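Undergrad: Residue-level listing of the chains:
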Amino acid sequence: MNYTVDEKGFYGRYGGAYIPEMLHANIEELQSKYISIIEDPDFQLKFRNLLADYSGRPTPLYYADRLSAKYNSRLYLKREDLNHTGAHKINNTIGQILLAQRLGKTRIIAETGAGQHGVATATVCALMGMECIVYMGEVDIERQKPNVFRMKMLGAEVRPATSGSKTLKDATNEAIRDWITNPVETHYIIGSVVGPHPFPDMVARFQSIVSEEMLKQLQEKEGRNYPDRIIACVGGGSNAAGAYYHYLEDERVRLVAVEAAGEGIDSGRSAATSVLGSEGIIHGSRTLLMQTKDGQIIEPHSISAGLDYPGIGPLHAHLIQSGRAEVVSITDQEALEAALELSRLEGIIPALESAHALAALKYLDMSADDITVISLSGRGDKDLSTYMKFLDHE
Amino acid sequence: MNKINRTLKALTKPALNIYFTAGFPQLQHTVPIIESLASNGVDLIEIGMPYSDPMADGPTIQQSSSVALRNGMTLDLLFEQVSEAGKKVDVPLLLMGYLNQMMQYGEENFLRKCKQVGISGLIIPDLPPELYEEQYRELFEQQEVEIIFLITPQTSEERVRKIDSLSNSFIYVVSDSSITGQTKNISTAQIEYFQRIQKMNLHNPTLIGFGISNHESFMQASKYAAGAIIGSAFIKQISGITSEAELDGRIRQFVTGIKSGE
Ligand SMILES: Cc1ncc(COP(=O)(O)O)c(C=O)c1O
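One line per chain: the protein sequences are S and W, in this order. Counting from 1, one number per residue, gives the positions in the first sequence under my numbering. Counting from 1, one number per residue, gives the positions in the second sequence under my numbering.
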């Protein structure tokens with residue numbers, strides 16, 4: 001099975017670029033140039049240097065002793081939370097801002113859910129002296145306040161998205177509308193492996209540094225360069241794409257995608273796209289999404305703003321549909337409990353998104369000598385107010 | 001010849017195409033709006049299929065779409081309403097919506113239904129011409145439904161020619177890089193763009209849309225095209241109306257105003 005994107009931007013039957021004519025020139029420019037730009041040695045040098053000196057890569061692959069003891073298996077955490085700005089999102093924004101410069105763009109827009117991608121975008125815009133506008137759903141502005149403030153402090157303008165569920169999907173709509181209105185000078189730094197081709201592949205390539213490091217780190221620590229299993233949460237799917245990337249064709253490695261079940265799959269307040277979704281088009285890509293029989297997109301729910309999205313990237317739709325990846329759905333409550341567990345066992349407070357990946361451990365059939373890598377995509381600072389409410393309750 | 005190009009060919013004055021969102025302001029207003037537009041001399045009617053995530057639309061149309069969906073609008077109901085309206089008016093009816101709506105209905109089903117209820121053409125902004133040609137052209141032709149493509153100031157000449165060759169009704173000239181509903185005065189850069197398209201001598205007539213809001217902009221745009229399309233400005237006029245009589249009065253006033261400036 002082939003899991004890389006084809007010439008027209010498809011992963012199997014998913015992907016493509018279903019875009020209005022107003023975006024054609026921009027998307028075509030990206031499609032025709034992104035690979036040659038990314039593969040250019042000078043670009044790679046700049047990208048790698050920034051990842052190392054600015055973001056602090058490589059991030060550790062940490063053997064979680066007490067967590068391993070609890071689950072009676074060998075568990076590693078890929079510490080994306082230790083990146084500058086606190087999540088994997090910056091791998092992508094460093095790549096895309098360099099690309100935007102190559103394209104001669106002067107204005108950057110982005111969408112954000114948890115605010116991590118917004119902060120990572122505002123950060124690289126400050127670094128490069130570029131104008132930055134971040135669209136964020138009104139609901140998310142409320143629940144991720146520290147990140148809103150960080151973006152402002154970094155000089156970005158945060159514009160509230162007030163339509164629909166006022167979350168990530170709506171922020172993405174607004175960003176696309178901005179791009180339609182300002183196509184010439186603006187680059188849209190999309191925050192996950194979603195959107196029209198070439199965004200899913202481009203973002204996956206920038207995030208692939210995660211599994212590139214895992215190859216080496218596992219070799220050093222375990223004497224073999226692959227794990228038995230990789231677990232990652234999937235909002236749009238960028239941290240998962242990065243953690244899977246170099247193992248996509250390696251069938252020895254089981255891929256586990258963790259979705260947000262919200263208040264429960266059947267509760268009507270969920271974001272478990274692969275269970276509740278069907279094939280359709282969202283944000284310019286053919287993929288799985290939650291929709292009515294008339295094709296109206298259903299407003300999702302997750303306690304975690306970064307997973308509160310009614311679709312998944314086309315790569316993941318393909319991995320799931322082909323059986324290459326298995327899916328675990330985790331409720332709000334389970335994620336909160338997993339966050340508390342990691343905090344108490346390892347002294348690491350994870351992001352609510354990453355806590356979903358951790359919560360999947362209890363559902364997996366792992367033997368004692370299995371090696372599992374969990375993508376710890378971000379840290380929990382932004383979620384403290386949610387955690388405080390939860391702890392008050394307990 | 002199809003109904004759209006027959007209508008456009010017969011006109012001696014600029015064509016006025018009005019867009020409205022089905023099921024807005026009230027669920028049952030679709031038919032009365034069509035009747036009223038037709039009896040007031042509108043040449044083409046573009047019926048919006050309300051969508052939850054209309055990415056090419058500005059706040060006015062977004063808002064009207066959410067209201068229509070909240071009112072209970074569905075595709076099945078829309079087809080029923082269009083079928084009823086089609087018995088009363090002879091103006092070409094177009095549908096505008098997003099590809100996912102057509103996909104979920106089943107593309108072939110959708111097109112068959114369009115033909116059955118008398119829809120002459122479709123505007124699907126997120127269906128690019130390449131994909132249309134590869135996957136949809138045959139289906140459209142079988143059901144005799146016309147596709148209407150958009151072009152923008154960034155669309156290359158080669159691409160405009162390609163779109164012209166795929167079209168058999170009219171081409172929708174997006175007046176500026178924009179989403180719907182942003183009203184500005186027509187600038188010299190836009191006029192140069194309209195003239196550039198006009199000089200290409202395309203097979204298909206063009207209609208200019210996005211940002212046309214009053215008699216002046218309608219007449220000005222029509223100098224460079226067969227006519228123009230008005231959407232958001234019309235939606236604003238009928239927003240909040242509850243009675244059909246008031247609706248009819250407001251539509252007469254609006255359409256007369258656009259055509260004559262009074
Ligand atoms: C820490 C963290 N993990 C995961 C995600 C989900 O995004 P993705 O699925 O693209 O990795 C987010 C999104 O905001 C995030 O902030």
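None of these hints come from the bench; they were simulated from the model. No experiment lies behind these values; they were computed from the predicted model shown. Don't be surprised by glycine CBs; every beta carbon is placed ideally from N, CA and C. Incorrect hints may have been included.
What the hints assert, rightly or not - Some, not all, of what chain S presents toward chain W, calculated at C-beta under 10 angstroms:
1) Asn26
2) Glu157
3) Asn173
4) Ser274
5) Val275
6) Thr292
7) Leu340
Said to hold, decoys possible - Only pairs whose alpha carbons sit at most 25 angstroms apart, straight line, appear in this in silico SDA-like list of lysine to any residue:
8) Lys166/S x Glu80/W
9) Lys88/W x Gln28/W
10) Lys8/S x Gln220/W
11) Lys162/W x Glu7/S
12) Lys362/S x Arg66/S
13) Lys166/S x Arg66/S
14) Lys293/S x Gly72/W
15) Lys8/S x Glu279/S
16) Lys293/S x Glu80/W
17) Lys293/S x Leu8/W
18) Lys8/S x Glu108/W
19) Lys293/S x Arg159/W
20) Lys199/W x Leu8/W
21) Lys216/S x Asn182/S
22) Lys113/W x Glu279/S
23) Lys8/S x Glu134/W
24) Lys105/S x Lys113/W
25) Lys166/S x Arg112/W
26) Lys3/W x Pro25/W
27) Lys8/S x Arg112/W
28) Lys293/S x Gln220/W
29) Lys221/S x Ser367/S
30) Lys113/W x Ser343/S
31) Lys293/S x Arg250/W
32) Lys46/S x Ser32/S
33) Lys13/W x Thr256/W
34) Lys8/S x Lys236/W
35) Lys8/S x Glu157/W
36) Lys162/W x Gln31/S
37) Lys8/S x Leu103/S
38) Lys221/S x Lys105/S
39) Lys8/S x Gly72/W
40) Lys199/W x Gln220/W
Undergrad: Honestly, which of those hints from before does the structure not fit?
TA: 2, 4, 5, 7, 8, 10, 13, 17, 19, 21, 24, 25, 26, 27, 28, 30, 31, 34, 38 and 39
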